[in-house]
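Chemist: Residue numbers (this note's numbering), protein chains in the order written: chain U, 2 to 251; chain E, 3 to 200.
Incorrect hints may have been included.
[To be verified] Chain E is faced by these chain U residues, among others (derived, beta-carbon under 7 angstroms):
#1 L11
#2 L51
#3 Y89
#4 F179
#5 T219
#6 A226
#7 A232
#8 P236
[To be verified] Counterexamples of contact, computed for chain U against chain E with all Cβ distances above 10 angstroms:
#9 D34
#10 S62
#11 P187
Honestly, the hints are just simulated from the structure, not real lab data. By construction, the Cβ of each residue, glycine as well, lies at the ideal position given by its N, Cα and C atoms.
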Amino acid sequence: MERTALRRRLTWQTGTVTQVREETSTARTIVLDLPDWPGHLAGQHLDVRLTAPDGYRASRSYSIASAWTGEGVELTVEQVPDGEVSPYLVEVLKVGDPLEVRGPVGGWFVWRPEDTGPVQLIGGGSGVVPLMAMLRTHAHAASTTPVRLLYSVRRPASVIYRPDLKDLAASDDVDVTFVYTREAPPGEPRVGRIDAELLAAKAFGPADDPTTYVCGPTPFVEAVADLLVAAGHDPSKVRTERFGPTGGPR
Amino acid sequence: MGIVSPGFTGRRRGGSDLPPGQYLTRDFPVLSAGPTPHVLPEHWEFSITTETGEVHKWDWAAFQALPSEEITRDIHCVTRWSKLETDWKGVSLDTLLADVETGADFAMAHSYGGYTTNLPLEDLLDGQAWVAYEFDGEPLGAEHGGPARLLVPHLYFWKSAKWVRGLVLSDTDDLGFWESAGYHEYGDPWKEQRYAGD
Numbered sequence: 002m003e004r005t006a007l008r009r010r011l012t013w014q015t016g017t018v019t020q021v022r023e024e025t026s027t028a029r030t031i032v033l034d035l036p037d038w039p040g041h042l043a044g045q046h047l048d049v050r051l052t053a054p055d056g057y058r059a060s061r062s063y064s065i066a067s068a069w070t071g072e073g074v075e076l077t078v079e080q081v082p083d084g085e086v087s088p089y090l091v092e093v094l095k096v097g098d099p100l101e102v103r104g105p106v107g108g109w110f111v112w113r114p115e116d117t118g119p120v121q122l123i124g125g126g127s128g129v130v131p132l133m134a135m136l137r138t139h140a141h142a143a144s145t146t147p148v149r150l151l152y153s154v155r156r157p158a159s160v161i162y163r164p165d166l167k168d169l170a171a172s173d174d175v176d177v178t179f180v181y182t183r184e185a186p187p188g189e190p191r192v193g194r195i196d197a198e199l200l201a202a203k204a205f206g207p208a209d210d211p212t213t214y215v216c217g218p219t220p221f222v223e224a225v226a227d228l229l230v231a232a233g234h235d236p237s238k239v240r241t242e243r244f245g246p247t248g249g250p251r
Numbered sequence: 003m004g005i006v007s008p009g010f011t012g013r014r015r016g017g018s019d020l021p022p023g024q025y026l027t028r029d030f031p032v033l034s035a036g037p038t039p040h041v042l043p044e045h046w047e048f049s050i051t052t053e054t055g056e057v058h059k060w061d062w063a064a065f066q067a068l069p070s071e072e073i074t075r076d077i078h079c080v081t082r083w084s085k086l087e088t089d090w091k092g093v094s095l096d097t098l099l100a101d102v103e104t105g106a107d108f109a110m111a112h113s114y115g116g117y118t119t120n121l122p123l124e125d126l127l128d129g130q131a132w133v134a135y136e137f138d139g140e141p142l143g144a145e146h147g148g149p150a151r152l153l154v155p156h157l158y159f160w161k162s163a164k165w166v167r168g169l170v171l172s173d174t175d176d177l178g179f180w181e182s183a184g185y186h187e188y189g190d191p192w193k194e195q196r197y198a199g200d
């Protein structure tokens, strides 16, 4: 998609929910049939708009979880405590319901199959969603570009897409490492955050010259991006997407 | 009005004093496209380059010696959060541009780390824009653009470039970083100019 395509005027369109999949106790994948969808790049997001019977509206942005294969778009939504839109998407929306969306949006945090350099993906929590779109696009394009995913989660039950990731990791070109921060499964002794040692052992190093995509809550992204720069990665090849509160002083 | 979402009643997190589509936050989210640049004040420099190539430059000491202002404004992020009555301290662009001779209509803000964003020059004048270096009485943290960022509160906050290092004035309205990636070239929150063509 060229720059002109990225600047195409975006209009609201109505999709229909064709499927919902519970991913964890708080995250759900919504499959939408969108007849007028122009296609998207892996890593792009879209806006969802909800309208109450009295006309009140609320919109939020969500990463697209699926590769563009010519039909349907998948979103994976993590319920935000005290949220306004995510509780509706995770708990109320059902198959057959209409949903208004606008997109795709964003031309920076994207991966294209034509990009042939090594790809390092680092996700925290639901930050794995746009990275999953990249892994799925990689598989759909039968790309042989080496890809590594580091996926940081609190505990095994928090893992989104476990069966899909297992399938993808069976490819010679894809490497998946789970990092458990609170509780690890049996036989996995390490519990703790991503640190310099783990990056050195499991991620592409600066000498491999990867493009690195980091997505997750702000403190996670700040910490990981700082570690990557300290390890010698070129900051211009570290792309980040942050969400949620700062966790820091205001 | 579009379709009604079956079963959606809404939590009414907006407010009559917010631009359309925004909700209120008390937190201060961080949104940047890459790692946070850590720029020491003693290495910081701010320049204004005119359309004829004339360069005006301030280092940290010269910048601090300029008259500063305390600013209280609402800020609005294109990702839909708004924060009311935020307190800043900074130097007005009126002050920085006072001795700059230019007939240019546009400015491109450039940041440490490579970020850019475009603005009409008239949006930077008449008490509408600052280079801010304090937030809430404290030096501006690196994740929020410290040591200094642009503050243009009447536009979506991506125009308030973090880690700002200079302005390049021009007769043409070129697109900056997010503007080239699908976002609106101007970004008025009250007109909901989020994406190209809005």
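Chemist: Each hint should be assessed against the structure and marked as holding or not.
Modeler: Structure-based check of each hint:
Taking 7 angstroms as the C-beta contact cut-off toward chain E, the hint placing L11/U at the interface holds, the least distance being around 5 angstroms. Interface hint at L51/U: satisfied, since its Cβ lies 4 angstroms from the closest Cβ of chain E, which is below the 7 angstroms cut-off. Below 7 angstroms, beta-carbon pairs count as interface contacts, and Y89/U has one with chain E at about 5 angstroms; its hint therefore holds. Among the interface hints, the one on F179/U is violated; its C-beta lies about 24 angstroms from the nearest C-beta in chain E, farther than the 7 angstroms criterion.
Hint status for T219/U relative to chain E: holds, with the closest Cβ pair at about 5 angstroms, below 7 angstroms. For A226/U, the suggested interface contact is upheld, since its CB lies about 4 angstroms from the closest CB of chain E, less than 7 angstroms. Contact between A232/U and chain E, as hinted, is not supported at the beta carbon level, the nearest pair being about 11 angstroms apart and thus beyond 7 angstroms. With a least beta-carbon distance of about 5 angstroms to chain E, the hint placing P236/U at the interface is held under the 7 angstroms criterion.
Once the 10 angstroms rule is applied to beta carbons, D34/U is consistent with being away from chain E; the minimum gap is 15 angstroms. Non-interface status of S62/U relative to chain E is broken: a Cβ of that chain comes within 10 angstroms, the nearest being about 6 angstroms off. Distance to chain E confirms P187/U as a non-interface residue, since its nearest Cβ pair spans about 36 angstroms, more than 10 angstroms.
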